[in-house]
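The task is simple: from the sequences and hints, build the whole structure.
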Amino acid sequence: MYRSGYKRSFAPKTPQKTTYKRPRYGANRVSYANKQFYGRRTRLAIGSAKRFLASRSLNDEVFASEEGLGRSNPKGEYMTLPSLGQGVNCRHTNRVKLWTINLNGRYNIAPADQLMADGTAGASELSNIEGYVGVFIVLDRMPNATQLPLFADVFGPTLNNVSSLLDQPIRVDQLSRFKVLMRERKYVNTDLQGTQLTLKRFIKFSGRNKILTTFKDMGDNTSGRYGNVRENALVLYVIWESAVQSIMRYSINSRIVYFH
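So in UniProt numbering, the last one in the sequence shown is 260, and the numbering has no gaps at all.
Please keep in mind that the hints were generated in silico from the structure rather than gathered at the bench. Just so we're clear, the structure is a prediction, and the values are computed from it rather than from any experiment. A few of these clues could be false.
[Claimed, not checked] Each computed DSSO-like pair below joins lysine-lysine, with the alpha-carbon atoms no more than 27 Å apart:
| no. | residue 1 | residue 2 |
| --- | --- | --- |
| 1 | Lys216 | Lys204 |
| 2 | Lys204 | Lys186 |
| 3 | Lys200 | Lys97 |
| 4 | Lys179 | Lys200 |
| 5 | Lys97 | Lys179 |
| 6 | Lys204 | Lys97 |
| 7 | Lys75 | Lys186 |
| 8 | Lys200 | Lys210 |
| 9 | Lys75 | Lys204 |
| 10 | Lys186 | Lys200 |
| 11 | Lys97 | Lys216 |
| 12 | Lys179 | Lys75 |
| 13 | Lys204 | Lys179 |
| 14 | Lys210 | Lys97 |
| 15 | Lys179 | Lys216 |
| 16 | Lys210 | Lys179 |
| 17 | Lys75 | Lys200 |
The following block contains the structure:
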């Protein structure tokens with residue numbers, strides 16, 4: 001007996017129509033012609049059979065600014081992904097599934113006329129500097145191999161001198177291409193916190209937030225650089241905002257865990 005309004009199909013059933021949802025552990029069960037077939041019971045891989053990503057690897061990278069970053073002068077760098085190869089830290093296919101990103105960094109704030117090096121004057125000899133440090137991780141769904149997008153290309157210019165770069169939303173005409181994965185904003189006061197600051201941030205991509213990056217891998221270009229990414233590249237932006245003439249020197253360690 002069928003429910004009211006239920007339209008019964010008299011077409012022959014195919015194995016695709018009668019396949020049950022595959023559980024995390026177990027076999028794939030198929031009913032066909034009143035018979036059930038079971039495969040070998042084994043742990044299933046991540047994703048579907050078309051995206052068999054069984055290997056797990058790490059990719060470490062360091063982002064640093066030796067000359068120092070001026071105020072209201074955003075700096076963008078692409079996050080390098082693994083290159084194609086047979087090594088431990090190489091990918092074996094033309095796509096990877098990003099799992100986590102772990103950031104661990106340090107900042108050093110100093111006046112613009114002072115070299116930021118070991119052995120400089122301590123915080124007690126410096127005038128107070130207040131400002132904000134901003135770190136963004138942006139997903140570029142359709143990378144352009146010729147040029148890395150600038151901060152203004154993603155978020156647009158500030159409206160006036162009062163506006164903050166850290167509060168800028170993505171441009172309306174770029175919503176289909178870019179997505180902000182992380183927006184870190186930290187207040188800095190050298191009298192209270194000193195000139196040395198730290199950053200720790202952990203991001204996990206799962207469920208609706210999963211990211212699958214594909215590569216072109218044409219000819220000899222099989223690297224993990226921005227120009228070889230076909231879909232879903234990662235761009236890191238660092239910003240220093242302050243009303244005082246000052247510079248920021250930073251070093252950020254990035255570790256990406258991915259499946260391939």
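Violations among the numbered hints:
none
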